[in-house]
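If you're matching them up, the sequences are chains A and B in order. The end of the first sequence is residue 268 by the working numbering, with every number in the run present. The end of the second sequence is residue 1417 by the working numbering, with every number in the run present.
None of these hints come from the bench; they were simulated from the model. Keep in mind the model is a prediction, meaning the values are calculated, not measured. Heads up, a few of these hints could be off.
Stated by the list, open to error - If you want a taste of the chain A side facing chain B, the calculated C-beta under 8 Å gives, among others:
| # | residue |
| --- | --- |
| 1 | V16 |
| 2 | A78 |
| 3 | K79 |
| 4 | Q125 |
| 5 | I127 |
| 6 | L152 |
| 7 | D154 |
| 8 | D164 |
| 9 | N166 |
| 10 | V172 |
| 11 | K173 |
| 12 | K258 |
| 13 | W261 |
| 14 | K262 |
| 15 | L268 |
Said to hold, decoys possible - Cβ-Cβ distance ranges computed for the label pairs, FRET-style:
| # | chain 1 | residue 1 | chain 2 | residue 2 | range |
| --- | --- | --- | --- | --- | --- |
| 16 | A | E162 | B | Y1154 | 42 to 50 Å |
| 17 | B | K1202 | A | P257 | 52 to 60 Å |
| 18 | B | K1202 | A | K247 | 40 to 48 Å |
| 19 | A | W66 | B | Q1322 | 53 to 61 Å |
| 20 | B | R1189 | A | C200 | 20 to 28 Å |
| 21 | B | L1399 | A | S22 | 36 to 44 Å |
| 22 | A | K247 | B | H1388 | 40 to 48 Å |
| 23 | B | E1003 | A | T249 | 39 to 47 Å |
| 24 | B | L1304 | A | P169 | 49 to 57 Å |
| 25 | B | L1370 | A | D155 | 38 to 46 Å |
| 26 | A | P169 | B | S1077 | 52 to 60 Å |
| 27 | B | Y1193 | A | E225 | 20 to 28 Å |
| 28 | B | L1370 | A | Q254 | 18 to 26 Å |
| 29 | A | G213 | B | D1115 | 56 to 64 Å |
Claimed, not checked - Result set (DSSO-like, lysine-lysine): computed pairs, CA atoms no more than 30 Å apart in a straight line:
| # | chain 1 | residue 1 | chain 2 | residue 2 |
| --- | --- | --- | --- | --- |
| 30 | B | K1176 | B | K1205 |
| 31 | A | K134 | B | K1030 |
| 32 | A | K232 | B | K1081 |
For every residue, glycine included, the Cβ atom is placed at its ideal position computed from N, Cα and C.
One letter stands for each residue in the lines below.
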Amino acid sequence: MQPSANTIVLAMQHRVLEYDGSWYGLLTLVFEVYEHKYQVSAIVNRLKEEIQSDFFAQNAMVTTNWQKAERVAKGLKAKVGAGSLEELYEAYLSEVKGVEMLILKAIQYYFSMQVAGNKNYAHPQIIEIKKIVKSVSRERHRMKAFVRFQRLSDDIYFAIVEPDFNVLPLIVKHFKERYADQRWIIYDVKRDYGISYDLCEVNEVVFGAENTGIDQKNIVTGWHEEEAFYGKLWNLYFKSVNIKERKNTKLHVQHVPKRYWKYLNEKL
Amino acid sequence: MSERALEKLAVLADAAKYDVSCSSSGSDRKNKNKGLGNTGAGICHTYTEDGRCVSLLKILLTNYCIYDCAYCVSRRSNDIKRAAFTVQEVVDLTINFYRRNYIEGLFLSSGIFKDPDYTMERLVRIAKKLRNEHNFNGYIHLKTIPGASQELIYEAGLYADRLSINLEIPTTSGLKLLAPEKDHKQMARPMDYIKNTIIQTKEEKKIIRSTPKFVPAGQSTQMIIGAAKESDWQIIHAAQHFYKAYHLKRVYYSGYVPISNDTRLPALGTAVPMVRENRLYQTDWLLRFYKFEASEILNPTNPLLDLDIDPKLSWALRNMHQFPVDINQASYEMILRVPGIGVTSAQKIIAARKFSKLRIVHLEKIGISLNKAKYFITCQGYQQQFVHMQADKIKHYILSQSASKYIKCNPQQIQLF
């Protein structure tokens, strides 16, 4: 059956929007949705996904525009506060499939409300966002806890991580403030990029994990002469504070899930 | 540092592990002049195999001790390996662990060697060196040694984030029996001095911004549970007294781990009272975050906590006349008292009910524990049918539906197949 002329007209307003995968790109996309009154049927991250084609929907490419993004950010801050904008950013970093659409819907809900809708813990999309934010937050907290620096012979403190979500941007401030007097690098081998502090500022670094082979075996060869000794002391300390009469493996694994063990020297 | 440090660390970490405090939050020390470290929200960097958080390098300066407290592994009559760190060794360990992101800071305690002042002076020297020579701004928790001079305690407070004195045994008679050389007055005196100096410092800070910090994360204490046949009421009563009279930030409860053949104490091999300890912490939380008074939960005629259900549920079952609570109408305080609703959920309920009348499906999404709460609430589309039932029956229902970790892991249960 042929679609009627009427359905085609309606469907023509539906769009598949593509953006460049950046946070500012996503905010620009939100701007365009309001500007052109788009009905969005899907959002595609051009970095990651194949371009979808939908017979009834038209594709549109969003060009990241700093000013447009800033306007959306400013509007959101005024409406629901900086904290809720940060929540949306954290949800975006989760890289969960479909999160862009969820963020768009949450923003549309926020702008449609007279009052601050971010406190509506009974709203389906807000609940979903909060749930994702909780997981991302937990991962951020775990990275603050489970990063294990190894001192290299050139006095750089180096750590490898493999977080479930893309949380490095969320821990920059913490590590920069805490370890202000030592050079350090935290490298996400899953996403093949890291953050590096040179005693002044933090920059992103990409080593190309495939070429350089950043793994524990290689790092050991670059250790500072004292590294093995302090690693040994830490291991011994970890074993000595255990109270064997209170052994509780279930609780232990709940707090330190096994997937993190390979980078925790006390668990090796 | 030499290989000998390994041996010392093994002895002096092992001796310190019965002190359960691991908190590293509550201070607001910033990293100044591009130094090392800061404090803020506490981070647990790892967990021991018994499931306790490891946040601080928790060690004794020495386990030589002139006292002979029956419950303590370092008592002078105990034939064990003794060791003592040098000041420099503790400093090196702290700095090097901290730089590798192993820890939030140092928790330094000590056996009493020679006399209280001599011991306290060493603890202070370490904290001072970390702060002044290494510009270390991480967390430092020092033990206040009872009997140490006020000048030394004051100096300790300038460098430490937290100071603590352990009450050890909650009752006077128990302490007399197990640690005849100690008494509670001797512990209360420095606590009182520290409390007053904290208040005074805060007042001065209002006028002179540059007034140096004094014990910014406050004081705490610890009581050993199950060593001296004390009741839960005595423990919680003491805890509430110390919270109120000395503004303590935390009281820790440490289930006694049998370490001695002493007939005054539970025999070797006796199980650590972990469930009881857990119920005491839950009660402590009710006092601090749920606006309960100790006397509502325990009193001389009801001196023991239920082990099979938590103290809030236990209170609710004794006070069925206060229920059901209407989720869409009731005050925050009353919602907090509903079993299965915690502080976060209660706050979310108050925020969300401004948008729409809440239903069971909303409460589920907010994250309350309905298997308990459903007996105590009403909400949109949900009438209370259980509340007129006998409390015993409700308890039975809840227990039969819950997967309590304490019931499940009963080691005496025989498996036939």
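Results of checking the hints against the structure:
1. Because the closest C-beta pair between V16/A and chain B is about 30 Å apart, greater than 8 Å, the hint is violated.
2. Using the Cβ-Cβ criterion of 8 Å, the hint placing A78/A at the interface with chain B is not satisfied: the shortest such distance is roughly 20 Å.
3. About 15 Å separates the beta-carbon of K79/A from the nearest beta-carbon of chain B, more than 8 Å, and the hint is not met.
4. Checking Q125/A against chain B: minimum C-beta separation of about 12 Å lies over 8 Å; hint violated.
5. Look at I127/A: its Cβ gets to within about 5 Å of chain B, closer than 8 Å, so that hint holds up.
6. Because the beta carbon of L152/A sits about 12 Å from the nearest beta carbon in chain B, more than 8 Å, this interface hint is broken.
7. Here the hint on D154/A is broken, as its CB sits about 15 Å from the closest CB of chain B, past 8 Å.
8. For D164/A, the interface hint is violated, since its Cβ never comes within 8 Å of a Cβ in chain B; the closest pair sits about 18 Å apart.
9. Proximity of N166/A to chain B is violated relative to the hint, the smallest CB-CB distance being about 20 Å (cut-off 8 Å).
10. Annotation: interface hint on V172/A violated; nearest CB of chain B at approximately 14 Å, more than 8 Å.
11. This hint is violated: K173/A has a C-beta 11 Å from the nearest C-beta of chain B, more than the 8 Å allowed.
12. About 13 Å separates the beta-carbon of K258/A from the nearest beta-carbon of chain B, more than 8 Å, and the hint is not met.
13. The beta carbon of W261/A comes no nearer than 10 Å to any beta carbon in chain B, farther than 8 Å, and the hint placing it at the interface is violated.
14. Taking 8 Å as the C-beta cut-off, the interface hint given for K262/A is violated, the closest approach to chain B being about 14 Å.
15. Using the Cβ-Cβ criterion of 8 Å, the hint placing L268/A at the interface with chain B is not satisfied: the shortest such distance is roughly 12 Å.
16. Range check, E162/A to Y1154/B: Cβ separation about 48 Å, and the 42 to 50 Å hint holds.
17. Between K1202/B and P257/A the beta carbon distance is about 41 Å. The supplied range of 52 to 60 Å is therefore violated.
18. A hinted range of 40 to 48 Å for the beta carbons of K1202/B and K247/A is consistent with their spacing of about 43 Å.
19. A C-beta distance of roughly 57 Å is found between W66/A and Q1322/B, which places it inside the suggested range of 53 to 61 Å.
20. At roughly 49 Å, the beta-carbon separation of R1189/B and C200/A lies outside the given 20 to 28 Å, and the hint is violated.
21. Taking 36 to 44 Å as the suggested C-beta distance range, the pair L1399/B and S22/A does not conform, at roughly 53 Å.
22. A beta carbon spacing of about 45 Å between K247/A and H1388/B agrees with the range 40 to 48 Å that was offered as a hint.
23. Evaluation of the 39 to 47 Å hint for E1003/B and T249/A yields a failure: the beta carbon distance comes to about 32 Å.
24. Taken as a hint, the range 49 to 57 Å holds for the pair L1304/B and P169/A, whose Cβ atoms sit roughly 51 Å apart.
25. Taking the beta carbon of each, L1370/B and D155/A are about 55 Å apart, not inside 38 to 46 Å as hinted.
26. For the hinted restraint 52 to 60 Å between P169/A and S1077/B, the CB-CB distance of approximately 57 Å keeps it satisfied.
27. The beta-carbon spacing between Y1193/B and E225/A, approximately 46 Å, falls outside the hinted interval of 20 to 28 Å.
28. Checked against the hint of 18 to 26 Å, the pair L1370/B and Q254/A passes, with Cβ atoms roughly 22 Å apart.
29. For the pair G213/A and D1115/B, the beta carbons lie near 59 Å from each other, so the given range of 56 to 64 Å is met.
30. Between K1176/B and K1205/B the CA atoms are separated by roughly 41 Å; this puts the pair beyond 30 Å, and the hint is violated.
31. Taken as a hint, the K134/A and K1030/B pair is honoured in the structure, with Cα atoms around 27 Å apart against an allowance of 30 Å.
32. Proximity of K232/A to K1081/B is assessed by CA-CA distance (about 21 Å); at most 30 Å being required, the pair is judged to hold.
Hint compliance for this structure: hints 1, 2, 3, 4, 6, 7, 8, 9, 10, 11, 12, 13, 14, 15, 17, 20, 21, 23, 25, 27, 30 are broken, all remaining hints hold.
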